[in-house]
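Participant: Sequence:
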Amino acid sequence: MTRRLFTSLCGLVFCANFGRVAFAPLLETFRTSFEVGTAGLGLVTTLVWVGTAVPRIPVGYLVTRVPRGRIVMGAGALLTAGAALTAVATSLPLLQVGAFALGVASGAYYAAAVPLIGDLYPDAVGRAVGVHGTAAQAAAVVAPALTVALVATASWRAVFWLLAGLGALLTLALVGVARRRAGGVPRGADRDFRAALGHWRVILAAVVMIGGAGFVWQGVFNFYVTYLVASKGLAAERAGTLLTVAFAAGLPAFWVGGRLADRLPHVPYILGLGAGVAAGVAALTVAQSLPALVAVSVALGLAAHSLFPALDAYVLGAIPDNRGSAYAVYGGLALLVQATGSGAVGVLGERFAFDAVFQGFAAGLLALVTLLAGLYLIGGFPTTDAA
1 MTRRLFTSLC GLVFCANFGR VAFAPLLETF RTSFEVGTAG LGLVTTLVWV GTAVPRIPVG
61 YLVTRVPRGR IVMGAGALLT AGAALTAVAT SLPLLQVGAF ALGVASGAYY AAAVPLIGDL
121 YPDAVGRAVG VHGTAAQAAA VVAPALTVAL VATASWRAVF WLLAGLGALL TLALVGVARR
181 RAGGVPRGAD RDFRAALGHW RVILAAVVMI GGAGFVWQGV FNFYVTYLVA SKGLAAERAG
241 TLLTVAFAAG LPAFWVGGRL ADRLPHVPYI LGLGAGVAAG VAALTVAQSL PALVAVSVAL
301 GLAAHSLFPA LDAYVLGAIP DNRGSAYAVY GGLALLVQAT GSGAVGVLGE RFAFDAVFQG
361 FAAGLLALVT LLAGLYLIGG FPTTDAA
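1 is the number of the first residue of the sequence shown in my numbering; add one for each residue after it.
Honestly, the hints are just simulated from the structure, not real lab data. All C-beta atoms in this analysis are idealised placements derived from N, C-alpha and C, irrespective of residue type, glycine included. Careful, some of the hints might be misleading.
Said to hold, decoys possible - Ranges between beta-carbon positions, derived for each pair:
1. R179 x T32: 28 to 34 Å
2. G379 x V294: 26 to 32 Å
3. S33 x G360: 27 to 33 Å
4. V88 x A152: 28 to 34 Å
5. G198 x Y121: 21 to 27 Å
6. S33 x R351: 24 to 30 Å
7. R4 x G40: 42 to 48 Å
8. E237 x V88: 24 to 30 Å
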């Protein structure tokens, strides 16, 4: 039953991540449907990720009072409602509300589900989180092709009606498995939210490590198709395929990256991946041929997606108690930083060339990684025996 519970969580995380990434390949469709500019489109994607960040810290407190399983089920219900609301949106403000609701649902899910997975598999946190992340990344791989197909055969609204149906089905499946499992869903050891804040050094270190790379990655992937069309002269279909390639690279990145996080020193591994993201974004601006763009998309996808199981393993491994609350605080703060990436690209993209914006992002991230590496070498990072 533990395996069935984990499988149900993998299904629900597929829906949660699909709801977050489905907006990126639909930006051009929204541009014509709602007659908005780049800044308005950037706000839609920003609201998805801001919504993902907003519930993290409140859920960190909630897990000290409510079983995690109930929070996950509530997130599934909100996901279903948010997808239905987006599907019926007839104006840009209503579309933005739907995007925000989907973000809130995914944020609440992750804040409760990832520590729950750590409780289900305490001796293999990196591996379990990696498999869970692989399921989430499968949604990112499927999203571009599926949205294009549904737009061509039906409409963009069909994307969110499909998501609403899957979300409802998997939430009901999770409820059924939880009821049949002996002992129900693990509640976790979190009882004191303020005690979780005592691990502020680990939380701050994790936020700083993921914040810069996540900010850059958010800005790049949400405008990947738009960038390739405007700056590289690719057709929208081919640009969407390259976005799929970048997301597909996340499948082995989560699967293998989670296992590497159990074996390698956490901080050097994470900083190396951050440098890889900076190098990938810089290479994207100079690549011209299709083979070069494919290679860059694969490399960038591998580096960016490997960061997430590595950071999860670092936080959950460094905090033995109240880690659900601490993880939620870390996730909330980190996502607030990351979520502004697409909005920043949207605003800067109206004033400067995309190549200049991306090159500036790459240079800033590389400078941050260099600074963090120096702090690590002089003992400025909190570590554990596992790290």
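Participant: Would you mind marking each hint as holding or not holding in the structure?
Facilitator: Now the hints, each set against the structure:
About 46 Å separates the C-beta atoms of R179 and T32, a value inconsistent with the hinted range of 28 to 34 Å. Between G379 and V294 the beta carbon distance is about 41 Å. The supplied range of 26 to 32 Å is therefore violated. Between S33 and G360 the Cβ separation comes to about 31 Å, which falls inside the hinted range of 27 to 33 Å. Checked against the hint of 28 to 34 Å, the pair V88 and A152 fails, with Cβ atoms roughly 21 Å apart.
Under the hint 21 to 27 Å, the C-beta atoms of G198 and Y121, about 25 Å apart, fit the expected range. Distance hint check: the CB atoms of S33 and R351 are about 25 Å apart, consistent with the given range 24 to 30 Å. The supplied range of 42 to 48 Å is met by R4 and G40, whose beta-carbon atoms lie about 43 Å from each other. Taking 24 to 30 Å as the suggested C-beta distance range, the pair E237 and V88 conforms, at roughly 28 Å.
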